[in-house]
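Student: Those sequence lines, one after another, are chains A and B.
Just so we're aligned: the first sequence equals residues 1 to 274 in my numbering.
Just so we're aligned: the second sequence equals residues 275 to 662 in my numbering.
Any given hint could turn out to be false.
[To be verified] For each label pair, taking beta carbons as the anchor points, the in silico distance ranges come out as: (1) B:Ser-296 x A:Glu-187: 16 to 26 Å; (2) B:Glu-292 x A:Gln-20: 36 to 46 Å; (3) B:Arg-498 x A:Tyr-199: 54 to 64 Å.
[Said to hold, decoys possible] Only pairs whose alpha carbons sit at most 20 Å apart, straight line, appear in this in silico EDC-like list of lysine to aspartate or glutamate: (4) A:Lys-76 x A:Asp-232; (5) B:Lys-459 x B:Glu-651; (6) B:Lys-420 x A:Asp-37; (7) B:Lys-620 x B:Glu-648; (8) B:Lys-290 x A:Asp-272; (9) B:Lys-290 x A:Glu-271.
Hints were generated in silico from the structure; no laboratory data involved.
Virtual Cβ for every residue (Gly too), placed ideally from N, Cα, C.
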Amino acid sequence: MVDSTPLRQPPAPAADAVAQRRNRALFRNFFRRELTDRYLGSSTGLAWALLHPLALLAVYYFVFTMVYRAGAMQGKSFLLFVAVALWPWLAAQEGLQRATVSLAGYAGLIRKVAFPHELVIYASVAATLTLQFTGYLAVLVVLALFGEPVHFEGLLLAIPLWLAMAVAVTGLALAFAALQVFMRDVEHVMMPVLMIVMYLTPILYPLAMVPEGLRPWMAMNPFGWFVERLRDTLLDGKLALHWGDGLAVAGAVAVFLAGLWVFRRLSSYFEDFL
Amino acid sequence: MIRLLALSDVGKDYAKVETDGSRLRLVRDLLLGRGAAQVFRALQGVSFELQRGASLGVIGENGAGKSTLLKIIAGVIPPTHGSVDVRGRVGALLELGSGFHPEYTGLANIDLAAAMLGLSRAEIAAKRDEIIAFADIGEHIHEPIKHYSSGMVVRLGFAVATTLRPDVLITDEVLAVGDESFQKKCIAWIESYLADGGTLLLCSHSMYHIQKLCRHALWLKDGRVERYGAATEVTQAYLAFHEEKSAGAKQPIAVAHAHSAGVYAIQSLDLLPGDRVEEGGDLTLSGEVYSPDGRAPTVLIGIVRADGTPVFGVSTDMDGVQLRPTADGKYAYSLTLQRLALLPGKYFVHAHAMDPEASRLFDDVERSFIVSGETRELGFVRLPHRWD
Numbered sequence: 001m002v003d004s005t006p007l008r009q010p011p012a013p014a015a016d017a018v019a020q021r022r023n024r025a026l027f028r029n030f031f032r033r034e035l036t037d038r039y040l041g042s043s044t045g046l047a048w049a050l051l052h053p054l055a056l057l058a059v060y061y062f063v064f065t066m067v068y069r070a071g072a073m074q075g076k077s078f079l080l081f082v083a084v085a086l087w088p089w090l091a092a093q094e095g096l097q098r099a100t101v102s103l104a105g106y107a108g109l110i111r112k113v114a115f116p117h118e119l120v121i122y123a124s125v126a127a128t129l130t131l132q133f134t135g136y137l138a139v140l141v142v143l144a145l146f147g148e149p150v151h152f153e154g155l156l157l158a159i160p161l162w163l164a165m166a167v168a169v170t171g172l173a174l175a176f177a178a179l180q181v182f183m184r185d186v187e188h189v190m191m192p193v194l195m196i197v198m199y200l201t202p203i204l205y206p207l208a209m210v211p212e213g214l215r216p217w218m219a220m221n222p223f224g225w226f227v228e229r230l231r232d233t234l235l236d237g238k239l240a241l242h243w244g245d246g247l248a249v250a251g252a253v254a255v256f257l258a259g260l261w262v263f264r265r266l267s268s269y270f271e272d273f274l
Numbered sequence: 275m276i277r278l279l280a281l282s283d284v285g286k287d288y289a290k291v292e293t294d295g296s297r298l299r300l301v302r303d304l305l306l307g308r309g310a311a312q313v314f315r316a317l318q319g320v321s322f323e324l325q326r327g328a329s330l331g332v333i334g335e336n337g338a339g340k341s342t343l344l345k346i347i348a349g350v351i352p353p354t355h356g357s358v359d360v361r362g363r364v365g366a367l368l369e370l371g372s373g374f375h376p377e378y379t380g381l382a383n384i385d386l387a388a389a390m391l392g393l394s395r396a397e398i399a400a401k402r403d404e405i406i407a408f409a410d411i412g413e414h415i416h417e418p419i420k421h422y423s424s425g426m427v428v429r430l431g432f433a434v435a436t437t438l439r440p441d442v443l444i445t446d447e448v449l450a451v452g453d454e455s456f457q458k459k460c461i462a463w464i465e466s467y468l469a470d471g472g473t474l475l476l477c478s479h480s481m482y483h484i485q486k487l488c489r490h491a492l493w494l495k496d497g498r499v500e501r502y503g504a505a506t507e508v509t510q511a512y513l514a515f516h517e518e519k520s521a522g523a524k525q526p527i528a529v530a531h532a533h534s535a536g537v538y539a540i541q542s543l544d545l546l547p548g549d550r551v552e553e554g555g556d557l558t559l560s561g562e563v564y565s566p567d568g569r570a571p572t573v574l575i576g577i578v579r580a581d582g583t584p585v586f587g588v589s590t591d592m593d594g595v596q597l598r599p600t601a602d603g604k605y606a607y608s609l610t611l612q613r614l615a616l617l618p619g620k621y622f623v624h625a626h627a628m629d630p631e632a633s634r635l636f637d638d639v640e641r642s643f644i645v646s647g648e649t650r651e652l653g654f655v656r657l658p659h660r661w662d
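Bound conformation, chain A alone (with noise of 0.2 Å):
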């Protein structure tokens, strides 16, 4: 019997439910992980997730409102207008570059023992993204509390919009993950890469100031109608679906399985690589 690409094989044929809890077990330990490691030895420990996006909004607020003078974008503050969008992307930019490099981590487990190797893909972006929302939270109260109008209702609609990028975000980061085992240059190959793509994204600008004729190729972007749906919901208080959200939930659902597709063929050759 001959087999060229064979699945991972669990290490007993126990169960599905046993084998369920103890991924569930797994995934708990290693988001855990995830989450102490970041600040182990750091004296303000977890605080520091609520500080470094406090840190940087004070700082993007003295860049553009102070020296800039920004004026107002789309009839909101120029801060609030950027603040929206620029957290989500820094969360998923963070997710991305963290998961990819997040297996080396756990190169002595993967050698030594069985286990679904995509877990730690998964604790990785949902320990990334775990933070990176909760700041973005502390960010939407403390511009509130600075008279900004932000619509907290319109958080019904961003946390699914959220979590759909989260499954987006994951999917990618299966791939890249998996690549980088086998070509170490893919971690350093991203960073232009990302940076490019923030600024061709709506991020800093909204899409009604690009050129006309460019506005198509932009409007293809994912990220940017994620943005686009954020600012919808936190500053319009538009809370009505439209079709375009389900063509994104099935769009991110399918980068997912797209990742895990090439995940799970590089996967038993883990041990060897890394």
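Given chain A's structure and the hints, the job is docking chain B onto it.
Tutor: Positioned in the frame of chain A, the structure of chain B alone reads:
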């Protein structure tokens, strides 16, 4: 008989990548589901079954595929060819620091390992004290693993792997690391585990441990099964193989050098009946020794264990023996150890030439030999004894 483990024609190929281009090709091939194009065959055609209560020792040289085989059975890597069927819970302790995170404390690692084994939080809490007690590393349990000595890591690893009494226990060369008392504790644990019907797969370079703990043994050579059978038979064949290998590499005694240097030198050392002796049989060590000044040299002969522990040594001088000169200005010696009291195992005999006054030692010629036998007595010398 319940079959816990069945391997059928198991093989493992590792992808060979030398250049960046071949890495890219490998990724492409894997994504297309083709498997690697250039491979190193780490393991091939391995088939065996383990029934509940069986104990199998896996032996072989470094790089023979032992660890790969254990990893496949533990489910860490899938086999490239063949199939593995495991029924029951496998507890694996693969190499040192198996699956531990160096930055984390012993306690945190216990929790991680327990989660790996699929324990619920309540079960982990219940087992934690048991594990800590077995590992017995005191306050170190609160320190990160990276500050542990290798012995402490093994203690913790063994404690974790065994606390659940897995259906199949796989250990890879871990007994060698712990100190004497912990080794004893592990062996005692394994013996009681086997007595209770546990199943063991033990990989070790210590034939002693294999013979003591395993009923069967599997000798892997270059990724293939060289021999499979009763543990005593396979381990003796394995040791014999090493004998031949090291005998082949041995330098012939430099006769010319000894002559020109003008020192007392052993010219030859022969073993009779050979390099395998039955326990309780006679062993004769004989040869010739060169003397630069026509005076009869002193010959000192010593027996040491494979690990260098001296067992017995005696010289012609101690026994007041005068060596006989031979025709060409050399001297012959012959020492017979009657009814050899050595227990089965591997030993070395050293012959040294000394000056007639037995004050200076000039050289060291070494031969190894194996005492064969089936006794289960412990240690390396049989002392005359009587139970009353």
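Student: Does Lys-290 (chain B) pair with Glu-271 (chain A) here, judged by a C-alpha cut-off of 20 Å?
Tutor: 14 Å, holds
Student: CA of Lys-420 (chain B) to CA of Asp-37 (chain A), is that 20 Å or under?
Tutor: Holds: Lys-420 (chain B) and Asp-37 (chain A) sit about 15 Å apart, inside 20 Å.
Student: For Lys-76 (chain A) and Asp-232 (chain A), compute the direct alpha-carbon distance and say whether it is at most 20 Å.
Tutor: 12 Å, holds
Student: Does the Cβ-Cβ separation between Glu-292 (chain B) and Gln-20 (chain A) fall within 36 to 46 Å?
Tutor: Between Glu-292 (chain B) and Gln-20 (chain A), where Cβ atoms are some 41 Å apart, the hint holds.
Student: Does the alpha-carbon distance linking Lys-290 (chain B) and Asp-272 (chain A) stay inside the 20 Å limit?
Tutor: 10 Å, holds
Student: Can the suggested window of 16 to 26 Å be confirmed for the beta-carbon pair Ser-296 (chain B) and Glu-187 (chain A)?
Tutor: 20 Å, holds
Student: Is 54 to 64 Å a correct range for the gap between the Cβ atoms of Arg-498 (chain B) and Tyr-199 (chain A)?
Tutor: Cβ of Arg-498 (chain B) to Cβ of Tyr-199 (chain A): about 58 Å, so the range 54 to 64 Å holds.
Student: Holds or violated: Lys-620 (chain B) and Glu-648 (chain B), Cα atoms, limit 20 Å.
Tutor: 14 Å, holds
Student: For Lys-459 (chain B) and Glu-651 (chain B), compute the direct alpha-carbon distance and say whether it is at most 20 Å.
Tutor: At roughly 19 Å apart (the allowed maximum being 20 Å), Glu-651 (chain B) and Lys-459 (chain B) satisfy the hint.
This entry satisfies every hint, going by the numbered hints stated previously.
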